[in-house]
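The task is simple: from the sequences and hints, build the whole structure.
Here's the letter readout for the chains.
There are 4 protein chains.
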Amino acid sequence: MAGNSFGDAFRITTFGESHGEAVGVIIDGVTPGVELDEPYIQIQMDRRKPGQSSVTSPRKEYDRIRILSGVYEGKTTGTPLSILLHNTDMRPEAYSDIQHSFRPGHADYTYLMKYGIRDHRGSGRASGRETAGRVAAGAVARKLLENRGISIIAYTKAIGGIECKTFVEGEIERNAVRACDPEAALQMIERIESLANAGNSCGGIVECRIRGVMPGLGEPVFDKLDADLAKSMLSIGAIKGIEFGAGFAAADMLGSEHNDEMNADGFLSNHSGGIIGGISTGNEIIFRVVVKPTSSISIPQHTVNENGKEQLIVTEGRHDPCICPRIVPVIEAMACLVLEDHYKRQGAMLY
Amino acid sequence: MAGNSFGDAFRITTFGESHGEAVGVIIDGVTPGVELDEPYIQIQMDRRKPGQSSVTSPRKEYDRIRILSGVYEGKTTGTPLSILLHNTDMRPEAYSDIQHSFRPGHADYTYLMKYGIRDHRGSGRASGRETAGRVAAGAVARKLLENRGISIIAYTKAIGGIECKTFVEGEIERNAVRACDPEAALQMIERIESLANAGNSCGGIVECRIRGVMPGLGEPVFDKLDADLAKSMLSIGAIKGIEFGAGFAAADMLGSEHNDEMNADGFLSNHSGGIIGGISTGNEIIFRVVVKPTSSISIPQHTVNENGKEQLIVTEGRHDPCICPRIVPVIEAMACLVLEDHYKRQGAMLY
Amino acid sequence: MAGNSFGDAFRITTFGESHGEAVGVIIDGVTPGVELDEPYIQIQMDRRKPGQSSVTSPRKEYDRIRILSGVYEGKTTGTPLSILLHNTDMRPEAYSDIQHSFRPGHADYTYLMKYGIRDHRGSGRASGRETAGRVAAGAVARKLLENRGISIIAYTKAIGGIECKTFVEGEIERNAVRACDPEAALQMIERIESLANAGNSCGGIVECRIRGVMPGLGEPVFDKLDADLAKSMLSIGAIKGIEFGAGFAAADMLGSEHNDEMNADGFLSNHSGGIIGGISTGNEIIFRVVVKPTSSISIPQHTVNENGKEQLIVTEGRHDPCICPRIVPVIEAMACLVLEDHYKRQGAMLY
Amino acid sequence: MAGNSFGDAFRITTFGESHGEAVGVIIDGVTPGVELDEPYIQIQMDRRKPGQSSVTSPRKEYDRIRILSGVYEGKTTGTPLSILLHNTDMRPEAYSDIQHSFRPGHADYTYLMKYGIRDHRGSGRASGRETAGRVAAGAVARKLLENRGISIIAYTKAIGGIECKTFVEGEIERNAVRACDPEAALQMIERIESLANAGNSCGGIVECRIRGVMPGLGEPVFDKLDADLAKSMLSIGAIKGIEFGAGFAAADMLGSEHNDEMNADGFLSNHSGGIIGGISTGNEIIFRVVVKPTSSISIPQHTVNENGKEQLIVTEGRHDPCICPRIVPVIEAMACLVLEDHYKRQGAMLY
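Protein chains in written order, with the UniProt record's numbering: chain R, 1 to 351; chain F, 1 to 351; chain D, 1 to 351; chain Z, 1 to 351.
Because the hints were derived from the structure by calculation, they are not lab data.
Keep in mind that the hints are not guaranteed to be accurate.
Said to hold, decoys possible - Below, in silico cross-link-like pairs of lysine-lysine (DSS-like), each with a Cα-Cα straight-line distance of 30 Å or less:
| no. | chain 1 | residue 1 | chain 2 | residue 2 |
| --- | --- | --- | --- | --- |
| 1 | D | Lys75 | D | Lys165 |
| 2 | R | Lys309 | Z | Lys75 |
| 3 | R | Lys143 | R | Lys75 |
| 4 | F | Lys309 | D | Lys75 |
| 5 | F | Lys143 | F | Lys75 |
| 6 | D | Lys309 | F | Lys75 |
| 7 | Z | Lys165 | Z | Lys75 |
| 8 | Z | Lys309 | R | Lys75 |
What follows is the structure, encoded as structure tokens:
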């Protein structure tokens with residue numbers, strides 16, 4: 001009801017505020033008897049953490065996870081797997097000047113309207129910090145999906161108006177923006193650095209590809225596989241849209257163009273993005289999301305405070321001028337959670 | 001788990017196959033004591049039904065709803081409100097030739113892969129017919145939302161490459177394609193008729209605006225208001241993408257452009273589409289979805305049958321060459337369901 | 001939220017009022033490809049229907065079920081299986097005299113307090129009529145459980161102070177009270193008839209045995225198998241208590257007596273009732289429930305009307321002087337629903 | 001699905017094993033703006049902790065709770081409230097001898113059958129230690145219920161064959177067994193000490209009374225207030241039965257005796273236990289549960305090990321010879337959770 005859980009048969013609940021004592025996640029429904037250790041999860045955490053490169057926030061948040069339960073002698077037990085991350089390098093005083101003002105683009109105003117109270121420090125629960133728990137849980141799901149032969153990758157497709165022209169999978173994790181085109185990556189980095197110097201920020205597009213999913217995955221009516229993926233992606237703060245396969249381009253296509261014809265070897269195209277009627281076709285699942293420009297900028301902007309008094313505000317702090325590089329592992333994590341949940345739901349149906 | 005329910009505090013469950021005996025919906029969580037009758041719901045059903053105009057399917061499906069429970073002496077009782085629509089004008093024999101083949105763009109193949117069995121008649125459960133129950137339930141939600149002072153409208157923004165240039169709200173329900181620009185509407189109708197004659201189909205874009213929502217609605221983490229709207233829209237068969245506010249254009253915007261600044265009167269822009277951090281701002285909620293071209297076309301296409309034998313297929317039947325006009329009330333219905341559910345969830349939190 | 005659904009992976013939703021147009025049930029999560037027809041379900045309906053014998057209500061409610069969806073050519077499809085029962089032999093006028101009064105033991109007062117409105121005809125939704133949908137859904141679950149080798153039987157253990165001394169399984173369905181002791185059954189029938197003549201009613205105890213469940217079924221913390229069975233039983237209007245295995249007698253036992261010891265062949269006793277730590281042991285699952293005396297009696301009783309005016313009330317109508325015989329199939333149905341749900345949940349975990 | 005969460009609008013998830021690093025609970029759906037601090041919760045924890053008296057386990061488990069999130073400057077924020085308890089005084093080596101054997105009455109065998117793997121240390125997740133999280137969450141619910149004017153008390157009614165003859169509320173927390181009759185309490189303590197010396201254990205009965213609940217609380221079909229209370233109680237490991245109001249005695253009562261008549265001042269009796277048709281009457285809610293004898297005894301018992309080899313086992317360790325005194329706060333906690341959840345659900349319906 002209050003919406004801090006996600007999934008059904010494989011279900012996570014996150015908790016914790018950005019500048020509170022800790023953030024974390026509980027995973028309920030983990031397959032028992034699977035080998036799992038902290039370093040495996042830590043790999044994904046390190047892809048999300050700040051301070052990775054010149055284009056990410058310089059905060060030195062130490063994202064060291066700790067498994068508190070659900071793993072015994074190196075194997076999952078089937079009981080709730082809980083993961084905790086203590087918060088460090090918190091500087092709540094950085095927020096004291098603006099604690100009664102509404103930062104443009106942030107959820108300060110909406111939280112206060114909803115709850116009548118808010119923890120202003122570093123956006124509290126609305127902070128990107130909340131996604132740390134998601135990434136940890138996603139790593140557990142990824143482990144289970146690997147055992148099913150499934151791979152999930154996301155990467156930057158465009159940043160600040162610069163688009164990737166090629167798709168070189170091996171280059172993605174080698175550049176600071178996680179772009180699939182190494183040349184475009186260089187331009188993107190330059191663009192971000194220039195904007196950061198100007199105290200501004202920019203948005204971008206991230207694409208995700210999922211391979212190895214059997215045909216027949218997904219619940220066909222409300223819990224369509226694409227519907228659940230869409231929800232999972234829009235549940236990430238900075239994401240404002242999603243499209244599958246041909247996506248918005250389908251608006252200008254004819255039925256004879258968009259339909260994926262088949263022959264004895266399978267589908268002849270993949271305009272559907274690997275999902276038809278909410279169920280996987282067995283083709284690669286492919287979707288794109290739009291990432292809005294980071295809201296925290298150091299250019300003065302018009303706003304009001306809690307008393308309605310108008311003022312100019314500058315969002316100080318150590319922020320990412322473009323969130324694409326660090327949102328990539330969050331997108332992969334959410335995709336992993338959706339897939340593992342649907343596999344388990346399929347298991348329930350067939351049992 | 002099996003995904004035929006939607007919502008939490010205001011929850012619907014749909015049932016029924018396209019060419020079975022009936023389709024329907026159960027609504028659990030209706031506010032008691034609200035005046036409601038069948039004609040109010042029928043208005044929305046009539047906007048969705050086939051045979052409305054030259055650009056919709058000529059089927060004469062008689063979408064007459066019947067309330068079976070949950071209303072007593074003209075008022076809701078708080079008990080499950082069930083609505084039934086008997087299927088009529090079924091011609092299952094129209095499907096007998098292709099019952100063992102996979103129609104391109106349809107869910108024939110994916111259903112068989114999932115269930116190992118399928119009701120081939122008129123797509124069974126994957127048919128647009130399933131949305132009749134949604135529209136009926138959406139009308140009940142709309143009634144409750146009207147009492148809250150909320151209005152929800154959707155309309156065609158583009159069809160087959162033709163875009164609306166103006167937004168004239170009063171014209172929407174006056175043209176056969178439900179476009180917000182009467183001149184564009186004429187071109188759209190012409191385009192659809194020409195494609196229909198050629199046995200082809202086209203896609204489009206539908207926009208939705210929701211007004212009157214208080215600031216502070218939505219659960220801020222996984223069940224963000226935009227996340228739930230995204231899920232609800234992608235759960236409609238023909239929809240392949242969604243974007244809020246500035247949407248995909250945000251990829252090319254700067255933080256200084258995208259952030260919605262405030263003054264004492266409220267927000268100075270609405271690039272966020274009325275939702276920040278998953279919670280309503282009080283501004284108009286605005287989003288767009290892409291509608292894929294209708295899969296059923298009478299141009300021969302390559303496919304295989306259940307034995308893997310290659311063949312050419314022509315999808316006969318009485319289909320809509322463009323589904324936009326009839327999907328408009330479905331989109332409104334799903335938006336109503338999401339909103340009423342979130343209002344009730346807010347009620348739970350505050351009680 | 002509003003509580004008209006039960007189960008998780010195998011989930012039912014009931015709808016309909018006693019004297020409305022129809023009652024029914026939607027089942028979501030049915031295994032596809034299972035042979036199922038209406039007569040199989042009807043068998044269970046006929047065990048629940050009124051007018052079976054001299055000790056049940058003489059109403060001639062025609063409990064003929066109709067499958068509206070989810071079955072195609074004699075097999076389940078995996079889509080929602082919906083079952084409808086039209087109400088017949090309704091005599092709402094029988095209730096017009098007392099429509100503004102609160103019948104003692106009935107939910108008239110509590111419904112009005114909750115909803116501020118009520119459908120007074122024959123208890124509306126609080127009627128035992130609502131359980132017709134449960135029995136229909138339970139029959140579907142029973143079919144799936146039979147395929148797993150599981151049997152579920154319930155029977156009267158005591159009525160009006162008369163207890164069964166023997167357990168003769170083959171006699172249960174041969175006597176009008178469904179007692180496991182044919183001699184006690186004769187006394188029970190006599191007792192009920194005598195009370196009925198006096199316009200009074202009585203309670204009893206029903207026992208349920210489930211055989212063939214594998215060891216290892218049940219979720220060990222909140223959704224313990226016994227916890228879910230307890231909820232399912234207490235969700236039946238007339239049931240006011242439940243006990244497993246040794247039950248309340250365990251209060252006077254020592255640990256050395258109550259513990260079920262084991263040898264190489266299995267457990268040496270079954271004081272636990274076949275469930276330890278919320279998970280099945282593989283032994284017979286056995287529990288008892290207490291059934292309160294039927295609330296509707298024709299002896300004048302003190303009550304008030306909606307305006308608080310005191311009055312004497314006589315609950316006319318055609319009622320069962322003891323509900324045990326007809327509650328037996330409802331108890332079996334609820335047990336079937338819990339078991340099938342937990343089997344599917346086990347399937348999700350293991351997949 | 002995997003069953004480690006409880007509640008709907010006010011929902012908790014517990015995690016952690018008895019001898020793992022920590023146990024804890026996440027609460028989702030807390031009303032924002034409510035004053036709450038750790039000492040308030042600690043009071044309830046201290047009522048549950050071991051080592052309180054001569055009749056409880058001498059373990060020195062330090063049940064110091066820590067709120068990690070959801071409270072800011074002494075008030076709840078509406079975000080997930082997470083509470084952690086680090087495990088201390090763990091002596092897993094005490095379990096090493098019996099790690100491959102099945103202790104009679106314990107869930108060792110059933111866990112292994114379910115998961116194929118188990119954390120044998122101190123029963124792992126099946127330990128009473130898991131209830132620490134429930135008690136912490138229950139304290140938060142109790143705070144909200146106090147603001148609604150509701151009180152919840154539970155107490156020992158019988159232990160080892162000794163029954164309370166009087167009900168002196170003020171004496172309950174003054175004796176080591178939390179009995180409502182101080183004289184019976186003395187006998188109970190003597191009985192427990194004598195059994196403890198003999199290495200044996202005993203069971204008992206606990207009663208719970210809830211006052212101040214408005215009439216009209218509860219969802220009337222599956223989620224009846226008594227059904228949810230029954231589930232919550234049977235979800236506690238040692239509890240094997242529950243009865244409301246007249247309970248099992250109703251089997252021998254007539255309708256004319258059991259029905260609660262009304263006059264202008266309200267109900268004339270409370271055989272229903274304060275709940276009719278699943279909805280509160282406004283009367284005191286009263287129910288009793290049976291607590292089985294503690295399974296851990298130091299008298300040798302027959303069992304087998306994981307290889308099926310027969311053996312005698314003695315369950316060493318520091319155990320409670322009767323769990324009644326320490327289960328009282330757990331019962332109160334679960335009742336609090338059910339009530340607060342139903343209040344919030346009522347809030348959703350009415351909003």
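Outcome of the hint check:
no.: 1; hint: Lys75/D <-> Lys165/D; in the structure: violated (43 Å)
no.: 2; hint: Lys309/R <-> Lys75/Z; in the structure: holds (26 Å)
no.: 3; hint: Lys143/R <-> Lys75/R; in the structure: holds (12 Å)
no.: 4; hint: Lys309/F <-> Lys75/D; in the structure: holds (26 Å)
no.: 5; hint: Lys143/F <-> Lys75/F; in the structure: holds (12 Å)
no.: 6; hint: Lys309/D <-> Lys75/F; in the structure: holds (26 Å)
no.: 7; hint: Lys165/Z <-> Lys75/Z; in the structure: violated (43 Å)
no.: 8; hint: Lys309/Z <-> Lys75/R; in the structure: holds (26 Å)
The structure fails hints 1 and 7 (numbered hints given earlier, in ascending order).
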